[in-house]
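K.L.:
The sequence shown begins at 1 in full-length UniProt numbering and counts up one residue at a time.
Bear in mind the hints are in silico, worked out from the structure with no lab data behind them. Treat the hints loosely; a few may be bogus.
Here are the simulated SDA-like cross-link-like pairs (lysine to any residue), alpha carbons at most 20 Å apart as the crow flies [to be verified]: (1) Lys6 - Tyr98; (2) Lys94 - Glu25; (3) Lys19 - Ser46; (4) Lys93 - Phe10; (5) Lys32 - Ala92.
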Amino acid sequence: MKERDKAINFLGLCQRAGKLVSGDEQVEQATKFGQVYVLLCASDASESAKKRYQNLSENYDIPLYTQFTREELSNAIGKARTMLGIQDRGMAKKFMSYEDGEETMN
Numbered sequence: 001m002k003e004r005d006k007a008i009n010f011l012g013l014c015q016r017a018g019k020l021v022s023g024d025e026q027v028e029q030a031t032k033f034g035q036v037y038v039l040l041c042a043s044d045a046s047e048s049a050k051k052r053y054q055n056l057s058e059n060y061d062i063p064l065y066t067q068f069t070r071e072e073l074s075n076a077i078g079k080a081r082t083m084l085g086i087q088d089r090g091m092a093k094k095f096m097s098y099e100d101g102e103e104t105m106n
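Throw the hints in and build the complete structure from the sequences for me.
P.N.:
Put into C-alpha cells, the structure is as follows:
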C-alpha cells in the first residue's frame with residue numbers, strides 16, 4: 001500500500017476516533033482555539049478557501065496539506081468535506097509521517 005493510501009485511510013481512523021474536525025467554519029474555529037495540529041484543504045477547493053487556510057496555517061504555525069481532492073477527503077471520512085483538521089497531536093504526527101516527501105504548503 002502506498003503512503004498516500006495509508007494517509008487517506010488514516011483520516012478515516014481519525015474520524016472514527018473522534019479526533020477529526022471537518023467543515024469550513026468548524027475547522028477554522030478549532031484552529032483559532034489551538035485544537036488543530038494538521039490542516040487539510042482539498043486541492044480542488046476554491047482559491048479563496050485555499051488562501052484563507054494558507055493564512056491560518058502561517059498565522060498559527062500548523063502544517064497544511066493540499067494534495068488530496070475533495071472526493072478523496074470525503075470518501076475517507078464518509079462525509080462531503082473540503083476542509084479537515086486533525087485534533088490529536090499523536091495522530092497528527094503519524095499522519096505527517098505518511099506524508100513525508102509529499103509536498104505541503106507550509
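K.L.:
Each of the hints needs a verdict: does it hold here or not?
P.N.:
Here is how each hint holds up against the structure:
Restraint check: the Cα-Cα separation between lysine 6 and tyrosine 98 comes to about 7 Å, which is no more than 20 Å; the hinted pair holds. For the proposed pair lysine 94 and glutamate 25, the alpha carbon gap of about 25 Å is over 20 Å, so the pair is violated. At most 20 Å may separate the alpha-carbon atoms for a hinted pair to count; lysine 19 and serine 46 exceed this at roughly 25 Å. Simply put, lysine 93 and phenylalanine 10 have alpha-carbon atoms about 12 Å apart, close enough for the 20 Å limit, and the pair holds.
A hinted pair counts as satisfied when its Cα atoms are at most 20 Å apart, and lysine 32 with alanine 92 qualifies at roughly 17 Å.
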